[in-house]
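**Student:** Sequence:
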Amino acid sequence: MPAKDSTRVFDVVVYGASGFTGFLTAKYLAEVAPGLGINWAIGGRNREKLLGVAERLGNPKDLGVIVADSSDGKALREMTRQCVVVASTVGPYTLYGAELVAACVDTGTNYVDLTGEYNFVRQMIDLHHAKAQAKGINIVHCCGFDCVPVDLGAWMATESLPVPAVSVRALCTKMNGGFSGGSLDSAAEISKFGKSEDNLEKARDPYVLAPNVADSLRVDNRWSDKKSIGYDADFGTLSVPYFMAMIDNRLVRRSLALRSQAVSYDESMSLGALARFVGFAAWHLPSFCGSGRPKAGEGPSESVQRDGSFEFEILAQGAGGEECRVTASGTGDPGYGATCVILAECALCLALDARSEGMPSAGGVLTPSTAMAKPLLRRLQQTGRFAFSKL
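Residue 1 is where the sequence shown starts when you use full-length UniProt numbering, and the numbers rise one by one after that.
The hints are simulated quantities; they were obtained by calculation from the structure and are not laboratory data.
Remember, it's a predicted structure, so these values are computed and weren't measured experimentally.
We treat Cβ as the ideally placed atom computed from N, Cα and C, and that holds for glycine.
Each hint should be verified, as a subset may be incorrect.
Taking lysine-lysine and the DSS-like style, the derived pairs with C-alpha atoms no more than 25 Å apart in a straight line are [said to hold, decoys possible]:
hint : residue 1 : residue 2
1    : 61        : 27
2    : 202       : 226
3    : 49        : 61
4    : 131       : 202
Just the calculated beta-carbon pair ranges, DEER-fashion [unchecked claim]:
hint : residue 1 : residue 2 : range
5    : 384       : 164       : 28 to 36 Å
6    : 126       : 223       : 19 to 27 Å
7    : 361       : 127       : 33 to 41 Å
8    : 212       : 51        : 44 to 52 Å
9    : 230       : 278       : 16 to 24 Å
10   : 46        : 227       : 38 to 46 Å
11   : 106       : 218       : 28 to 36 Å
12   : 223       : 48        : 47 to 55 Å
13   : 32        : 133       : 29 to 37 Å
14   : 7         : 323       : 22 to 30 Å
15   : 164       : 387       : 25 to 33 Å
16   : 59        : 227       : 49 to 57 Å
17   : 323       : 46        : 46 to 54 Å
Between the sequences and the hints, there should be enough to build the whole structure, so can you do that?
**Tutor:** Right, here's the structure in full:
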């Protein structure tokens, strides 16, 4: 990863800071930046809105404000030249993300985002993986609740197993939280991709995010994702299909492929967790979306963000039945209260931890665990909001 040079004025730029998720990410950075001694900025297309964000943040000393529209390649390149890492919260990424990723690759700038749109991730892999790898920069998608907890948890479980793993399974045992209009718009983009005849095979491919993966590593098939309710003997509970598995499974399989691990992966949700999630949502319904569907830029209330939480149990198994179980948990609404902290810490990790022990050195269009691994795990735990532990 390139070291910071004198032309990189900012360590981190939060792009899309006037949106719901972007503001929460900027708010967290405003809290931790003074103790870290970093220079950072907020970016977006509307100067007045950005100045309003700065005011809401208390006008932090030396906070940069950069105006750049998501469709203006020149302005985006001017922005990315000034920083070590861009953290983008502007979605749906299929519609608004491609120019920024291209600008980061052109200017040798690291990039993190919150996309759950695997179609967008695949497009970026096809377009930019080789170039980013050659430049030694990291383009890292899915740096929020989807998919950091399970990606890091799967890595930790396989690393802790005393023999090579042959399978990893994850069970969501708790998820209480909300959603925003932007998330719903992103889900709509994924749905459109799957309905296109041209993209049908990609949508069905469990290794859509690992193109050209060796046949010896393709241990999952299109039927590997859980599709029905049933008793799960590995976890001793009834489990159901997990609605985030569409992106989580594919992302973790890319991680495994990049590490040349012939390991199957799947995830599900306990029936109890689903029931509690529905109950939490019903109790907080007015806080989730008021009188109707939330619009882009809107999201759950502070009470939902504060009261939310999540937990996964992750099981790695060896060919002889050897096991390692790991839990990955967090406090705060998964979609926003927790996600914005995760995104910010991913950005800080790439900006500040390039030479830290355990930091992978390869560039490319990577995953959280293949780009940051141990330093990110350490950072998240040091916030006091997340825990990764062996059972």
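**Student:** Each of the hints needs a verdict: does it hold here or not?
**Tutor:** Here is what the structure says about each hint:
For the given pair, residue 61 sits about 14 Å from residue 27 by alpha-carbon distance, which is consistent with the 25 Å threshold. Under the criterion of a C-alpha separation no larger than 25 Å, the hint pairing residue 202 with residue 226 is consistent with the structure, at around 18 Å. Our distance criterion of 25 Å between C-alpha atoms is met by residue 49 and residue 61, whose separation comes to about 18 Å. Of the supplied pair hints, the one linking residue 131 and residue 202 holds, its CA atoms being roughly 23 Å apart against a limit of 25 Å.
For the pair residue 384 and residue 164, the supplied restraint of 28 to 36 Å holds, since their beta-carbon distance comes to about 34 Å. Separated by about 25 Å at the C-beta atoms, residue 126 and residue 223 satisfy the suggested range of 19 to 27 Å. With their beta carbons about 23 Å apart, residue 361 and residue 127 fall outside the hinted range of 33 to 41 Å. Between residue 212 and residue 51 the beta carbon distance is about 46 Å. The supplied range of 44 to 52 Å therefore holds.
Distance hint for residue 230 and residue 278: a CB-CB separation of about 19 Å, consistent with the stated range 16 to 24 Å. Range check, residue 46 to residue 227: Cβ separation about 43 Å, and the 38 to 46 Å hint holds. The hinted window of 28 to 36 Å between residue 106 and residue 218 holds, with their beta carbons roughly 33 Å apart. Look at residue 223 against residue 48: about 52 Å separates their beta carbons, and that is inside 47 to 55 Å.
Range check, residue 32 to residue 133: about 30 Å between beta-carbon atoms, so the 29 to 37 Å window is met. Evaluation of the 22 to 30 Å hint for residue 7 and residue 323 yields a failure: the beta carbon distance comes to about 50 Å. Between residue 164 and residue 387, the C-beta spacing of about 26 Å keeps the proposed range 25 to 33 Å intact. Range check, residue 59 to residue 227: about 51 Å between beta-carbon atoms, so the 49 to 57 Å window is met.
Under the hint 46 to 54 Å, the C-beta atoms of residue 323 and residue 46, about 52 Å apart, fit the expected range.
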